[in-house]
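Student: Make a model of the complete structure from these sequences and hints.
The listed protein sequences derive, respectively, from chains A and B. Take 796 as the starting number for the first sequence in my numbering and just add one per residue. Take 765 as the starting number for the second sequence in my numbering and just add one per residue.
Among these hints, one or two may not hold up.
[Unchecked claim] Some chain B residues judged to face chain A by a derived CB distance under 8 Å, without partners named:
(1) W836
(2) A838
(3) S841
(4) G897
(5) G957
(6) K958
(7) I959
[What the hints assert, rightly or not] Away from chain A, derived, C-beta distances all over 10 Å, residues of chain B:
(8) D856
(9) E925
(10) D936
(11) D938
(12) R944
(13) N977
Don't read these hints as lab results, they were simulated from the structure. Glycine included, each C-beta is placed from N, C-alpha and C at the ideal position.
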Amino acid sequence: MAESFNNVLIASNEPADDVSLLDVLDHVLNAGVVIRGSLVISIAGVDLIYLGLDVILTSVETALKHVGAPPQPAKLPQNSPKAK
Amino acid sequence: MATGVKKNASETVFYLYGISESSKAPAHASTGVDGVAEIETIDCADLTCWVSRVSKSEFADHLAEKMDNLDWLAEMSTRHQAAVAAIAQTSDVLPTRFGTVFLNEASLKADVKGRKPQLQADLKRIKGNQEWGIKVISLTPQIAMTPLEKSGKGYLQAKSELLRAHRPGAPDEDTARFARELEALAEAVAEGGKISGGRRDLQYQISLLVKRNRRKELEAVLKRFSTRWQGTREIECTGPWPPYSFVTRRPE
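Tutor: Rendered as structure tokens:
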């Protein structure tokens, strides 16, 4: 589904993806199941690798500030709601 | 990305997208985070793990360096989300964070087995639900920054004070009413994301866990407030997302 009311934006991930990159980063980097905490758990010996994403997230935020204002989310055409 | 030259020779690891209850869902035709390998399922302890095989060099040995490259990160994050969204179309899935990699099937199975009670509790909570992100954006015209001060320092101080004075404060009564209505129809709520929430004209932000069959009610609330706020505020709604914000973050 992708649909817009007067000034409500409803974007959808199924299957077309009209969501802003910032929203995607919010979800895939800062949420979701954390397997074993934000640590680099070695490569040799231990089988699981997980990165310190809190640190990386901060660096993404900083980088985006340097780039300028966050890009606006993709807007759907106001008068052409698409049915599912 | 100049990978793929020695595809056969390169070692692969398992990239985990999410975990669902034992699934008989058909194998997805969609590709994984690298845009090449297909998504597969691995059964562990009556749960289904959704994985794809990715390059060990790229996603394990050098992942930290790769993630410093924002272009790479943007591309991979988008593919990660696309993969999880494809899985979520047929299964209630607990999405894992970007960059969750196991060196082999045995280590994946051992880890999932060890955390099964937590995973099952989370799966129960998210069953039949989807996540929605809501933002209220102020449409009030930007404050004109007339530089009364001529000196650089004075100008910056004046600008900073102006911005502080106009920053949206605590939610007003109308926004609070909107929030109460959203919370009433959600199974759970969570804070909105920090990255997309960095904009100055943002007045309110929340993530909602909503039953699939209550989507129309959510849309009705959005539509009503949208009409009421015509010209003054805009409501931005993204979703449905897999329930990223509603899984247990920290291992017990």
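Student: So, for every hint listed, does it hold in this structure?
Tutor: Each hint tested on the structure:
With a least beta-carbon distance of about 12 Å to chain A, the hint placing B/W836 at the interface is violated under the 8 Å criterion. With its C-beta approaching chain A no nearer than about 6 Å, B/A838 sits inside the 8 Å limit, and its interface hint holds. Satisfaction of the interface hint for B/S841 is found here, the shortest Cβ-Cβ separation to chain A being roughly 5 Å, below the 8 Å cut-off. At about 6 Å, the closest approach between the beta carbon of B/G897 and any beta carbon in chain A falls short of 8 Å, and the interface hint on this residue holds.
The beta carbon of B/G957 comes within 3 Å of a beta carbon in chain A, closer than 8 Å, and the hint placing it at the interface holds. Taking 8 Å as the C-beta cut-off, the interface hint given for B/K958 holds, the closest approach to chain A being about 7 Å. The beta carbon of B/I959 is positioned within 8 Å of a beta carbon in chain A (closest approach about 5 Å), and the interface hint is therefore held. Every CB of chain A is more than 10 Å from the CB of B/D856 (nearest about 14 Å), matching its label as outside the interface.
The claim that B/E925 lies off the interface holds: its Cβ sits roughly 21 Å from the closest Cβ of chain A, which is beyond the 10 Å cut-off. Annotated as non-interface, B/D936 keeps its C-beta farther than 10 Å from every C-beta of chain A; the closest such distance is 18 Å. Every C-beta of chain A lies more than 10 Å from that of B/D938, the closest at about 15 Å, which supports listing it as non-interface. Every CB of chain A is more than 10 Å from the CB of B/R944 (nearest about 18 Å), matching its label as outside the interface.
Non-interface status of B/N977 relative to chain A is upheld: no Cβ of that chain comes within 10 Å, the nearest being about 14 Å off.
In this structure, the one hint that does not hold is number 1.
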